[in-house]
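Asks: Given the structure of chain V, go ahead and fit chain G onto it with the hints provided.
Residue numbers (this note's numbering), protein chains in the order written: chain V, 1 to 118; chain G, 1001 to 1234.
Keep in mind the hints are simulated off the structure, nothing from the lab. As the structure is a computational prediction, the values presented were derived from the model and not from experiment. Don't be surprised by glycine CBs; every beta carbon is placed ideally from N, CA and C. A few of these clues could be false.
Stated by the list, open to error - Pairs of lysine to aspartate or glutamate residues, derived as EDC-like cross-links and limited to a Cα-Cα distance of at most 20 Å, are as follows: (1) G/Lys1146 x G/Asp1175; (2) G/Lys1221 x V/Glu32; (3) G/Lys1020 x G/Asp1033; (4) G/Lys1233 x V/Glu22; (5) G/Lys1187 x G/Asp1170; (6) G/Lys1020 x G/Asp1043; (7) G/Lys1080 x G/Asp1031; (8) G/Lys1106 x G/Asp1170; (9) V/Lys91 x V/Glu102; (10) V/Lys91 x G/Asp1175; (11) G/Lys1221 x V/Asp52; (12) G/Lys1146 x G/Asp1170; (13) V/Lys28 x G/Asp1175; (14) G/Lys1193 x G/Asp1044; (15) V/Lys98 x G/Asp1043; (16) G/Lys1169 x V/Glu31; (17) G/Lys1221 x V/Glu22; (18) V/Lys28 x G/Asp1031; (19) G/Lys1233 x V/Glu31; (20) G/Lys1096 x G/Glu1107.
Said to hold, decoys possible - Covered stretches of chain G (in silico footprint by chain V; criterion: 3 or more residues with CB under 8 Å from a CB of chain V, positions within the stretch not fixed): (21) 1138-1150; (22) 1166-1177.
Stated by the list, open to error - With the Cβ distance kept under 7 Å, some of the chain G side facing chain V (calculated, not the full set): (23) Phe1061; (24) Gly1064; (25) Ile1231; (26) Lys1233.
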Amino acid sequence: MFININLLAIILGIFIFIIIIELVRRRKLREEYSWLWLLTGSGIIILAVFYDLLLDITALIGAENPTSTLFFFSTIFLILLCLQFSVQISKHTDQVRKLAQELTILKTVLNRRKNNIE
Amino acid sequence: MCSNTLIIIPSYNEGNSILKVITSIRNYYSDIDIVVIDDGSTDDTAIISNKAGAVVLSHPFNIGYGASLQTGYKYAVYNKYNFLIQIDGDGQHDIKGIGDLIRNLKEGSYDVILGSRFLGKDHYKLSIFRLFGIKLFRLFIYLLTKQKISDPTTGFQAMNKKVLKIYTKDFFPSDYPDADVIILLSKLDINIKEIPVVMYPNREGKSMHKNPITVLYYLFKMILSICVTLIRKD
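If we strip away everything but chain V, and leave its shape as in the complex, we get:
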C-alpha cells in the first residue's frame, strides 16, 4: 500500500510536469504562469521519493500525520494560485478599461473627421 501511494505520487508529479511543459510548448500557457505549477510538480516528486523529508516537515509544522501535511501544502498552493490570478485579473481590468477609453476616443475622432465636423 505504502509503495503504491508513493509510486502514484511520483507519477502524478511527472504528469503535472509533462502537462505544463506541453501547454507552454503549445503556447496555451505563458511561462510566467507556469512556475507555480512546475514548483508544485517538483515538490510532489521530491516528497514522494524522499519520504523521510515529508516526515521531517510533518514534525516541523506539528501535523498529526503526513496526509495532513500534504493537505496543508495543497491548500497553500491553491491560495497562492488564486492570489496570482486575482493580481493578474486586477491588472487586466485596468488595462481593458484604458484600452476601451482610448478606442472610444479614437473612434470618435475618426468619425468626426470623416463627417467633416472639424
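Replies: Just chain G now, kept in the frame of chain V:
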C-alpha cells in the same frame, strides 16, 4: 518615410537620456527614420521624443520590453522598411556602432547582426549575476546551435525584412527576448553575425534585472523558453 532603414528605440521612463540619443543619431545618420516606442512611460519621454523629431508610438500602459520591440517591428513591416536597427533609449549603446551594424547587414550575407560588448577591446564591468546569466546562455546557445554568441542579451542589433516578418508573429516574447530567440532563429536557418560595439554602463544605474526576484524569474523563464523552443515543431 524617407529611407528604407528604420531605427527603433524602445523606451520606458528615459526622459533624461532620450533627447541625447535621438540628436546623436540625427547628427550621424540624417537619412534614417527614427521611431521611439514609449512603453507607458510616466515621465515626459514621449513629449521629448516628439519635439526631437522622432515618430512616437505610445502604448496606453506598460506591456514589456519585448512587446515594445514588436510594436516597432510591426510598424516597420507595415511601412515596408527593408532594414531595422534597434537601440536602447538609455544611452548605453554607442551611436557610431549603428554604421557598423548597417554596413554588415547590407552586405547581404547575414540576416541579423548582433552588437556584442565583449568582442571589443574593453567593456564595462557587469554584475556577477548578469555575467553568470550571460555565460549560461552562451553555453546553451553553443550546445544547441554550435554557434558562439558572446553577447546573447544584447539589445543593439540590426535585421532585415525576412527576420522582421518572423518577429511580428505571436510567439515573440513580450518580456525578455534573448537567448531563446537566437536559438529559434538558428532553427529557422537565419544567418547571424556578431560584431564588436561599444556599450556604456547605465548612467542612472537602471536595469531590467534589478532585484533577485526578477533575476530568478528571468533565468527560469529563459531556461523554460529555450527548452520548449527546442521541442516546438513550428
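Asks: Would you list, in rising numerical order, the hints stated earlier that this structure does not obey?
Replies: 1, 8, 11, 12, 14, 18, 21, 24, 26
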